[in-house]
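Using the sequences and the hints given, assemble the complete structure.
Listed below are the residues making up each chain.
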Amino acid sequence: MCLGIPGQIVAVADADAMLCTVDVSGVRRAVDVACVAAPGRPLDELVGAWVLVHVGFAMSVIDEDEAAATLKVLTEIGEAEAEMAALRLGLDQNATI
Amino acid sequence: MRYVDEFRDPALAAALVKEIGAVCARLERGRDTPLTVMEVCGGHTHAIFRYGLEGLLPDLVEFVHGPGCPVCVLPMGRVDDCVAIAERAEVIFATFGDAMRVPGSSKSLLQAKAEGADVRMVYSPLDALALARKNPDREVVFFGLGFETTMPSTALTVLRAAREGTSNFSLFCNHITIIPTLRALLEQPDFGIDGFIGPGHVSMVIGTEPYRFIAEEFGRPLVVAGFEPIDLLQSLLMVLRQMEDGRARIENQYARVVPDAGNPAALAAVQQVYEPRESFEWRGLGSIAGSGVRLREAYAGFDAEKRFALAAAQVADPAQCRCGAVLTGAEKPWACPEFGTGCTPETPLGALMVSSEGSCAAYYQYGGMRGAAA
Ligand code: SF4
Chain A
2 MCLGIPGQIV AVADADAMLC TVDVSGVRRA VDVACVAAPG RPLDELVGAW VLVHVGFAMS
62 VIDEDEAAAT LKVLTEIGEA EAEMAALRLG LDQNATI
Chain B
60 MRYVDEFRDP ALAAALVKEI GAVCARLERG RDTPLTVMEV CGGHTHAIFR YGLEGLLPDL
120 VEFVHGPGCP VCVLPMGRVD DCVAIAERAE VIFATFGDAM RVPGSSKSLL QAKAEGADVR
180 MVYSPLDALA LARKNPDREV VFFGLGFETT MPSTALTVLR AAREGTSNFS LFCNHITIIP
240 TLRALLEQPD FGIDGFIGPG HVSMVIGTEP YRFIAEEFGR PLVVAGFEPI DLLQSLLMVL
300 RQMEDGRARI ENQYARVVPD AGNPAALAAV QQVYEPRESF EWRGLGSIAG SGVRLREAYA
360 GFDAEKRFAL AAAQVADPAQ CRCGAVLTGA EKPWACPEFG TGCTPETPLG ALMVSSEGSC
420 AAYYQYGGMR GAAA
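Sequence order for the protein chains is A and B. In this note's numbering, each residue carries its 1-based index in the first sequence increased by 1. In this note's numbering, each residue carries its 1-based index in the second sequence increased by 59.
Wrong hints could be hidden among the right ones.
[Claimed, not checked] Derived contacts from chain B toward chain A, CB cut-off under 10 angstroms, selection only:
1) A106
2) P184
3) P258
4) G259
5) D290
6) R315
7) V316
8) A320
9) P396
10) E397
11) T400
[Said to hold, decoys possible] Across the chosen pairs, the derived CB separations fall in these ranges:
12) B:A221 - A:G27: 28 to 38 angstroms
13) A:D17 - B:K77: 30 to 40 angstroms
14) B:S338 - A:E77: 35 to 45 angstroms
15) B:R355 - A:D17: 36 to 46 angstroms
16) B:F367 - A:D66: 18 to 28 angstroms
17) A:D66 - B:A74: 19 to 29 angstroms
18) B:G80 - A:A86: 32 to 42 angstroms
[To be verified] Derived coverage of chain B by chain A (criterion: at least 3 residues anywhere in the stretch with Cβ under 8 angstroms from a Cβ of chain A; other residues may be distant):
19) 90-103
20) 176-183
21) 328-340
It is worth saying that the hints were derived from the structure and are not from the lab. By construction, the Cβ of each residue, glycine as well, lies at the ideal position given by its N, Cα and C atoms.
Okay, structure coming up:
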């Protein structure tokens, strides 16, 4: 919950709602990007960016190396697994977000 | 130094450990007590144990595990309120999985669910809002907890609910802020911590400026750190160097993720939706002035505390538990008579045993009862 997990923004899901599709280790879900979007810029510019995702919200743009290193630590301390399980839980219950 | 082999950059790790040793050797002269460095964040606690960092350090330095695990400081009375809300027939109670097993005075949310309450584990507050949209005839309540890292997510969800006009959604707000809590710790007369490793992800939201009083008023160094073992070693070295030089500053080792100004959009959402409470109760620490937030009047319609009559009782922890002393770093988990016997991760008595970020769970998982013999 507190540590979040890195993911890559792969598409704009709903620009009005500030939602992008983010790929987190192969699992895709809609993530709120309000905290990382540059004011007044189109969300398309975020596609391809790596972000730290906390409970469905992108909280920071990071580079790809940082994403890989963070994922490695999370995996080693066992948090990646917990985070991925939680993420999938979200998908099962809420296909409609 | 057998552990450093598995680090991303073993040579750098070895160099850092060596340099920490050299600084400590100089600091050690004329000292007979250890230097204590508190890592505030539960994620750091977990990483320190996982990588066996304590075993790499000179005897002079000791990590003290701070109160930065939001699940661990949740008071029992608030869990009881969650259970009471969840047990109402019209309610779907949505929560992060982490909170499911925190013991209340009679039961946890997991037990309430087993007894028939409609409790749903969700990944995100957005999922709870989606549940509300899908179940217009039910009341969906989201259990908001966490420090500044998760606070923007619930604030933005409330703003979204307001925009959409989703009126069957509400938030049971139990968010807490780290700054007043650090101040309360520092103001304790016997607080013996010499320096701090600052939380990475809380700082990603709030920036580094709010910590300034720790250096200026209390003369303690704080270094905001990342989660890799290398980050933690480097941050510790930065803290120790400050001590050696007789400086106390706020430094940022994790600048690649933490901007000094924090995240302006996240802070604006938090500011718009929440206001400080006079005080908030922490499990094991008691009430701390200004440490909790509640929804502002403008969002009262989404406030579960206003929507449901709650007992809001203060419930004392079982007398034999040492959760408070462990949380403030005054005692190690094995000093608690329940550690590993009455209280285990499977059947937690205190919340420090529930979350993998709690120090009792970390000692149990990685240290077993080893320390008890020491
Ligand atoms: S062992 Fe259990 S009861 Fe004792 S301090 Fe830790 S969490 Fe609290």
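Results of checking the hints against the structure:
With its C-beta approaching chain A no nearer than about 6 angstroms, A106 (chain B) sits inside the 10 angstroms limit, and its interface hint holds. The beta carbon of P184 (chain B) is positioned within 10 angstroms of a beta carbon in chain A (closest approach about 7 angstroms), and the interface hint is therefore held. A distance limit of 10 angstroms between C-beta atoms decides the matter here; for P258 (chain B) the minimum to chain A is near 9 angstroms, and the interface restraint holds. With its C-beta approaching chain A no nearer than about 9 angstroms, G259 (chain B) sits inside the 10 angstroms limit, and its interface hint holds.
The criterion of a C-beta within 10 angstroms of any C-beta in chain A is met by D290 (chain B), whose closest approach is roughly 9 angstroms, and the hint holds. Contact between R315 (chain B) and chain A, as hinted, is supported at the beta carbon level, the nearest pair being about 6 angstroms apart and thus within 10 angstroms. Annotation: V316 (chain B) was flagged as interfacial toward chain A, and the flag holds, the nearest CB pair being 5 angstroms apart, inside 10 angstroms. The criterion of a C-beta within 10 angstroms of any C-beta in chain A is not met by A320 (chain B), whose closest approach is roughly 13 angstroms, and the hint is violated.
The beta carbon of P396 (chain B) comes no nearer than 28 angstroms to any beta carbon in chain A, farther than 10 angstroms, and the hint placing it at the interface is violated. Evaluation of the E397 (chain B) hint against chain A yields a violated restraint, the C-beta minimum of about 24 angstroms exceeding 10 angstroms. The beta carbon of T400 (chain B) is not positioned within 10 angstroms of any beta carbon in chain A (closest approach about 24 angstroms), and the interface hint is therefore violated. For the hinted restraint 28 to 38 angstroms between A221 (chain B) and G27 (chain A), the CB-CB distance of approximately 34 angstroms keeps it satisfied.
Range check, D17 (chain A) to K77 (chain B): Cβ separation about 55 angstroms, and the 30 to 40 angstroms hint is violated. Distance hint check for S338 (chain B) and E77 (chain A): the Cβ-Cβ separation is about 38 angstroms, which falls inside the suggested range of 35 to 45 angstroms. In this structure the supplied range 36 to 46 angstroms is violated for R355 (chain B) paired with D17 (chain A), their Cβ-Cβ distance being about 25 angstroms. Judged by the Cβ atoms, the range 18 to 28 angstroms given for F367 (chain B) and D66 (chain A) is violated: they are separated by roughly 47 angstroms.
Checked against the given bound of 19 to 29 angstroms, the beta carbons of D66 (chain A) and A74 (chain B), roughly 20 angstroms apart, stay inside it. Checked against the hint of 32 to 42 angstroms, the C-beta distance between G80 (chain B) and A86 (chain A) comes to roughly 40 angstroms, which is consistent with it. Here's how the stretch 90-103 of chain B fares: 3 of its residues keep a CB closer than 8 angstroms to some CB of chain A, so the rule of at least three is met and the hint holds. For a cut-off of 8 angstroms, the count of residues in the stretch 176-183 of chain B with a CB near a CB of chain A stands at 5, and the three-residue condition holds.
Chain A is given as covering the stretch 328-340 of chain B, and this is violated because 1 residues of the stretch bring a CB closer than 8 angstroms to a CB of that chain, at least three being needed.
Figure legend: structure checked against the earlier numbered hints; hints not met, in rising order: 8, 9, 10, 11, 13, 15, 16 and 21.
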